[in-house]
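Construct all of the structure, not just a fragment, from the sequences and the given hints.
Top line first, the protein sequences correspond to chains A and B.
For the first sequence, the positions run 1 to 259 when the numbering used here is used.
For the second sequence, the positions run 1001 to 1472 when the numbering used here is used.
Note that these hints are calculated values from the structure, not bench results.
Some hints here could point you the wrong way.
What the hints assert, rightly or not - Ranges of calculated distance between the beta carbons of each label pair, as one might list FRET restraints:
#1 A/L227 to B/D1427: 30 to 38 Å
#2 A/L227 to B/E1430: 34 to 42 Å
#3 A/T167 to B/A1125: 40 to 48 Å
Said to hold, decoys possible - Below are the EDC-like pairs computed for lysine to aspartate or glutamate, each with C-alpha atoms no more than 16 Å apart in a straight line:
#4 B/K1227 to A/E137
#5 B/K1280 to B/D1269
#6 A/K20 to B/E1386
#7 A/K128 to B/E1153
#8 A/K28 to B/E1386
Since the structure is predicted, the reported quantities are computational estimates derived from the model, not experimental observations.
Positions of the beta carbon are idealized from the N, C-alpha and C atoms, including for glycine.
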Amino acid sequence: MYTIEICHLYPEILNLYGDKGNITALKKRCEWRGIDVKIHNISLEDDFNPDNYDIIFIGGGQDYEQEIVKDDLLHKKGAAIKEAIEGNKVFLAICGGYQLLGKYYKTKEGKELEFLGALDFWTNGDEKRMIGNVIIECDFLKSESFDGKIVGFENHSGKTYLGKDITPLGKVIIGYGNNGEDGYEGAVYKNVYCSYLHGSLLPKNPAFTDFLLEKALNNKYKDFGTLPNLDDSFEMAARNSVINRLITSNKINKLRKIF
Amino acid sequence: MNMKLLWHELRLIITILIGKILIVLCRFAKLGGTSFPGKVAEKLCPGILRELSSGLKLIMVTGTNGKTTTTRIIEKILQENKIQYITNKSGANLVNGVITAFIEAVDFLGKTDASIALIEIDEAAFSKICNLIVPHVLIVTNFFRDQLDRYGELYGTLKLVKKTAALFENIKLVLNADDSLCASIGKDLKNEVTYYGIDKDVKHSTSSNNEAYDSKDAVFCLYCQSKYEYDYHTYGHLGGFRCPNCGYARPSADISCTEIDEMKDTHTDIKMRVSNQVIKARVNLPGLYNIYNALAATACSEVLGLPIQNTVKAIGSFESGFGRMETIPADGKFLKLILVKNPTGFDQVLSYFIEQNDSNMQIAFIINDNAADGRDISWLWDVEFEKLLNISHKEPEFYVSGLRAEDMAVRLKYAGIDTNKITIIKDYEELVNKGLLRTQQSKSFYILPTYTAMLELRKLLKVKYNLHDFWE
Ligand SMILES: [Zn+2]
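Listed below in structure tokens is the structure:
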């Protein structure tokens, strides 16, 4: 019997855009395959030992809420997080959680707020919010049966820029992505996956969910191999309906611009 | 007469005329749109709202949840007191919608017999409308997360309401004492405040199940960021909060519910303390959240100095309006429509289902993501659909529809609901027929649409069951 231990960091504080759905997706897709799952809610002041967990998740919050966790994240859990990242632990960080792992956040007024600095990227605050549905294409998810496209919704005013050792999560097909400039979305370093996409992200992108689970299971069990398939017809219908709608409306908008 | 003044008068009259014509045309064209005539009027005669509202006492109702119901209860109170008023209809609660409502209510010279204007205003539009007109009484119901892509952030909305109200010290505030966000307005401003709230853990005395407390908003003190402690919770983050560090705590309520005598699925009997007198009252709407709406309306009537017996009569005879649980008879069965727009409201509806004893309940969710619904549907993941597993032994069946039907299906699947019990039906007519067919005689088919889905659905039901237009 396999067991997956999932750590949800600051669940009652960083939970802005249905982030709990990501935990639910990881949990359900294990249960449906007879894999045991334990969820550990780890918050302010709680002891945090990454060795106890196979996947670590951190979601997004409003500025006010990010302010609340910052001190605990940087000074109490920061060293352990950095060590776990270098040790190939699987992480998923969304939106505000993504930004917090980076080096700093520079406000619109030019004030530089120090963030964790676990990964080499940084975020600059901007006037305009980047809001809307997103499609990105992830090369690492491509297979004979899957086109690598994942969908979600973004809502951020920070523009994130990646340093040289960090690769993006995917190429933006529709949407803004990291900064609305370079055409990329998210960040990957070792087994850390970061993205601005919520929606929630994992439930309607089962290929990505399974990819993370397989990574974690193979990290833990040398003989694990691959996950058996599930019936994903609802999930794929949700994903495909977004893709079809966006591509159609995108075409119409392009036509409008021509005429 | 001064030419300039004459021209101004003329311009006002012409604008009102054009506005009134546009209102009729929009209705005739079945556009249902209530903001367009106001938009045109403001263009033709900037600041027209100030002009049309001069001499009226302005009451504004804002907040995330319950503003429509609260506004309609206050309307009922005004009727009980035979006070003439102007009001805007739900769905027309942005600035242009309010202008439309005034143009419709005044005569061609811009005059009215009304003495009060009762305005429901979207919390994000409150500061905009205050550039034009300032309320005498402002009622703030609560702050919850709502359609985040439209409003930016919860704390930003709160700050903006506070900042705007701070500019006008004469506004009399009516605030929810049980909401730490809402009550902070009273703490931070110098305005006169009337607080309303539920005094203690009234839920223990009712049949409603005590779910594990799981609030998503306002867990931490707004002033010092310590975690609040609670003497009791009512729902969401509402209740007897207090900060152990800085001492910020629920203010004592001037108007409060001290006891729930009986909670039914159509009404609640309560005891209410109003100016140190405890009275029995019936809130003629189901659910805890409607007690808050009734208390808010009662607090408003107290600020206006209206006799309490008329208020009690109004809240005891009030019937719900557009989409807030509307019952439509359909061949010996019923269609029940309940508008859903944010996690807290949605959770309340799901709790209501769990309390029903119907077996084989038929429930439909119609989820759209148009601008008026909120483009972002991630809020569905903050709704506790897992609760529905509590009634799974009664074999309910679920239908999903709307632009985001598939996302809703995924949400139900991950809540643990058997996928064989979830059917995607995009066509509304087919949905209504199928759901009704499977509903037992004299029972209800429950349909929960988001805002624009409600409008679309009502269009169909209007033809099918002869419904009134919602603005009538
Ligand atoms: Zn405090």
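| query | Which of the numbered hints above does this structure break? | reply | When the structure is compared with the hints, only number 4 turns out to be violated.
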